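Trainee: Here the protein sequences line up with chains A and B, keeping their order.
Just so it is clear: in the first sequence, position 298 is 298 by my numbering, and no numbers are missing.
Just so it is clear: in the second sequence, position 100 is 100 by my numbering, and no numbers are missing.
FYI, nobody ran anything at the bench for these hints, they're computed from the structure.
On a predicted model such as this, the values are computed, not experimentally measured, just so you know.
One should not assume that every hint holds.
[Stated by the list, open to error] Straight line, CA to CA, 20 Å or less: simulated SDA-like cross-link-like pairs of lysine to any residue:
#1 489/A to 458/A
#2 41/B to 542/A
#3 43/B to 551/A
#4 547/A to 109/B
#5 125/A to 91/A
#6 323/A to 87/A
#7 41/B to 538/A
#8 53/B to 542/A
#9 55/B to 538/A
#10 547/A to 111/B
#11 53/B to 522/A
#12 564/A to 75/B
#13 567/A to 94/B
#14 541/A to 42/B
#15 43/B to 509/A
#16 41/B to 551/A
#17 53/B to 531/A
#18 564/A to 552/A
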Amino acid sequence: MPRNSNKSNLELTGNWFIDAGILGFVNLMEEVYGWDLNTLQKKIKEDEELIYYEYFPFAYLFYHSKIRTFYNEIQTLRKEIFGQEGINQKIAKIKNEINKLNSSISSSVNEKEKIEKKLKKAEEKLKLLEEKRENKFREIENIREQLNKIKIKFVKQAYQVKTIDEKTLNSLFPDFELKLPAIARNFYLFNSKEVRKNPTLAYKYLLFLCQKKYKELSELIRKINPKSKKAKGGLTYEICPDSTINPFLHSPIEFPNISYTKPLKIAQIEEILDSTLPIYISLLCFEQAFDFYYEKDIRRNIFFYTNNLQFCYKVNKRMRIKKEIAMRKSDRHSLFHLTFSAILDELIEHKCSFSLENMYIVEYEGIENQKLANVEYIGIPKLQASVLLDDYLREILNTSLQIKEKNFKGNKNIWLLEEFIKGKPLYPLAIQHIKLKLTGDIQQINYSIFYALLIDAAILEFKERQKQKETFSLFSKSFFQANYREILKKVKIEFRKLYYHSISETKRLIPDDDTRKRLGYLLLDSLYGNDKVRFLNILLKAVNSSKENINPEFLDLIFEKIVKNGKIWQRYALFLVAGMISDK
Amino acid sequence: MSENKKAFWIFKFGKWEEKLDLSGLKEAAKESFENESDSYKQKLVYDLLEATKNKDQNRFFYLLLKAINKPKEAKFKELWEKLNQNYDILPQEAFVNFAYSIIIGIMSTYNKGQQENK
Numbered sequence: 001m002p003r004n005s006n007k008s009n010l011e012l013t014g015n016w017f018i019d020a021g022i023l024g025f026v027n028l029m030e031e032v033y034g035w036d037l038n039t040l041q042k043k044i045k046e047d048e049e050l051i052y053y054e055y056f057p058f059a060y061l062f063y064h065s066k067i068r069t070f071y072n073e074i075q076t077l078r079k080e081i082f083g084q085e086g087i088n089q090k091i092a093k094i095k096n097e098i099n100k101l102n103s104s105i106s107s108s109v110n111e112k113e114k115i116e117k118k119l120k121k122a123e124e125k126l127k128l129l130e131e132k133r134e135n136k137f138r139e140i141e142n143i144r145e146q147l148n149k150i151k152i153k154f155v156k157q158a159y160q161v162k163t164i165d166e167k168t169l170n171s172l173f174p175d176f177e178l179k180l181p182a183i184a185r186n187f188y189l190f191n192s193k194e195v196r197k198n199p200t201l202a203y204k205y206l207l208f209l210c211q212k213k214y215k216e217l218s219e220l221i222r223k224i225n226p227k228s229k230k231a232k233g234g235l236t237y238e239i240c241p242d243s244t245i246n247p248f249l250h251s252p253i254e255f256p257n258i259s260y261t262k263p264l265k266i267a268q269i270e271e272i273l274d275s276t277l278p279i280y281i282s283l284l285c286f287e288q289a290f291d292f293y294y295e296k297d298i299r300r301n302i303f304f305y306t307n308n309l310q311f312c313y314k315v316n317k318r319m320r321i322k323k324e325i326a327m328r329k330s331d332r333h334s335l336f337h338l339t340f341s342a343i344l345d346e347l348i349e350h351k352c353s354f355s356l357e358n359m360y361i362v363e364y365e366g367i368e369n370q371k372l373a374n375v376e377y378i379g380i381p382k383l384q385a386s387v388l389l390d391d392y393l394r395e396i397l398n399t400s401l402q403i404k405e406k407n408f409k410g411n412k413n414i415w416l417l418e419e420f421i422k423g424k425p426l427y428p429l430a431i432q433h434i435k436l437k438l439t440g441d442i443q444q445i446n447y448s449i450f451y452a453l454l455i456d457a458a459i460l461e462f463k464e465r466q467k468q469k470e471t472f473s474l475f476s477k478s479f480f481q482a483n484y485r486e487i488l489k490k491v492k493i494e495f496r497k498l499y500y501h502s503i504s505e506t507k508r509l510i511p512d513d514d515t516r517k518r519l520g521y522l523l524l525d526s527l528y529g530n531d532k533v534r535f536l537n538i539l540l541k542a543v544n545s546s547k548e549n550i551n552p553e554f555l556d557l558i559f560e561k562i563v564k565n566g567k568i569w570q571r572y573a574l575f576l577v578a579g580m581i582s583d584k
Numbered sequence: 001m002s003e004n005k006k007a008f009w010i011f012k013f014g015k016w017e018e019k020l021d022l023s024g025l026k027e028a029a030k031e032s033f034e035n036e037s038d039s040y041k042q043k044l045v046y047d048l049l050e051a052t053k054n055k056d057q058n059r060f061f062y063l064l065l066k067a068i069n070k071p072k073e074a075k076f077k078e079l080w081e082k083l084n085q086n087y088d089i090l091p092q093e094a095f096v097n098f099a100y101s102i103i104i105g106i107m108s109t110y111n112k113g114q115q116e117n118k
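Isolated chain A (complex conformation) (with noise of 0.2 Å):
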């Protein structure tokens, strides 16, 4: 196929579904051959058919005949550890009942012989279970080096092709059968039972569906059964493709009347999307750009999407490195908290805040008959991401908070970063964890929801002021021009003044720390009613009964942000609650 030497350089398309497929396919070179992105940009320079036409083949028939069936037995060992009931959850399950019983021992004298007993038997069991847990995953490091072996031998022989004919296929596909992937289930290369068992045939129908060789390929069909229905049907979704090969495209049974909009057949895509990367190759590689996680026990696939395929590329295999230190380690970090943290380690080395800007999460949970399950897709605001650019406002952000009360069970906190990125606001949290203080559940206010309130107080106002600056659309002038710096000085600047005058002010005026606590639950009370004269009232009685000078920068303060602020004067009633009743 002739092409653009200067475009042999392989970068995704701003297209997130195709971009997917070509991280897809850096994947799964990166798997079968070892070669990393940089390794894999060079040799597309030097001879791209070679590449796409015969390493890229040879490693997609390998993948789905012998990586994948490597991958299901390491798979089924995976949910035994992690899965529903599984050995993990077991484990647990007994710590949590030694710790039980170790806290009874001491309370009950007269049954402590049972109990030790008990102690001992749960404790035996907890053994056995570690130990059988040891054993899977040496198993699964087992077959992890068998795989390597066959791997190995593979490419050897793969760099050593000079024809590919059928002996050659032979020789490198060895017991060769495809296994059916989830994603594609009436795709012909697995479908039929002649091409399924046969290395060349497959090889043949993949080669010309890349090279896009209609004839050749109708002609192909044919050949291995002209009885068949492929052969009678002719080609469909080889040249306009559906969600036979990929369940996030259209149906064409499910929507008929698709076919009256036309769409758009494989050149046109290419045409379309200037990729130097056979467009075929990346709808094939889909699912290989996802990784799976197991979160509360279900198997949820992601896909971090940005459009700087290095970034992408790196983000994507820190977050996988992240998941494979997490589950040696048994630690249940939540997937939201894995894949920012990979984004952020990236951004610390990086600081590109374009790719931030425009940046993606593509979630589903499963594909079910061909449908898929729980798609999601987050993105990350603009002005969200201006924060999170900032290293000092994002490490504060960075924060476990606890919002559940002592006796809660299930999880207390939440990533305050995680809910930042969503694009929640952070007053309800803060609301409920300074309850937690004046109830007794923790002894000491989480530093960071005093700049939460400031960047939730910031946001909001920034979008009040762009609103009444225009009518509302959504990439309006502001949306390049506003000058999002300028929020972050304006929340740190404020940040000094408030935590002074909240912390030091408000005890100098009520130095009793009981009618403090009385007047935090108080005023909390009227936050949660949202009444702005109750929060006013008692906060101006209680300073002007004080004994102690007022300072006059205290009142503006409240005449400021809180008489004269419309809609969002509770983040700075709430920010003067918290430093009255903190510790500090």
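Dock chain B against the given chain A, drawing on the hints supplied.
Mentor: Leaving out everything else, chain B in the frame of chain A:
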């Protein structure tokens, strides 16, 4: 607060859109009550706060007008003028902001420490 940075409370009443100059009100209240004794102001503020809490405009203005009804003292002149411009039956939300601006204005003139020293 600098002069060119004034706070306004906008409220709509019938066809008319009115503006309340909150910072102006606060500054006028500050100037008027600067030389009054702290205990007098403390009592007045307490009563004004009660009236505001009950959203009782009649009581609030009765107390305020009674306190500034001193024709011989020129310092109240600005507040009289401000009230002359703004006084009306205000919508509830506008009244609350109006009231708190005056209350905070009075409160920022407390100078208990200095008085005790004298």
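Trainee: Would you mind marking each hint as holding or not holding in the structure?
Mentor: Hints, verified against the model:
1. 489/A to 458/A: Judged against 20 Å, a Cα distance of about 10 Å means the pair holds.
2. 41/B to 542/A: 15 Å, holds
3. 43/B to 551/A: 19 Å, holds
4. 547/A to 109/B: Distance ~14 Å between residue 547/A and residue 109/B Cα, so the pair holds.
5. 125/A to 91/A: 9 Å, holds
6. 323/A to 87/A: This hinted pair holds, its Cα atoms lying about 18 Å apart.
7. 41/B to 538/A: Holds: residue 41/B and residue 538/A sit about 18 Å apart, inside 20 Å.
8. 53/B to 542/A: 14 Å, holds
9. 55/B to 538/A: Within the cut-off at roughly 15 Å; holds.
10. 547/A to 111/B: 11 Å, holds
11. 53/B to 522/A: Given that 20 Å is the threshold and the Cα spacing comes to 14 Å, the pair holds.
12. 564/A to 75/B: 25 Å, violated
13. 567/A to 94/B: 14 Å, holds
14. 541/A to 42/B: The hint holds at about 10 Å.
15. 43/B to 509/A: Satisfied, since the Cα-Cα distance of roughly 18 Å is no more than 20 Å.
16. 41/B to 551/A: 16 Å, holds
17. 53/B to 531/A: 11 Å, holds
18. 564/A to 552/A: With a Cα-Cα distance of about 16 Å, the restraint between residue 564/A and residue 552/A holds, given a limit of 20 Å.
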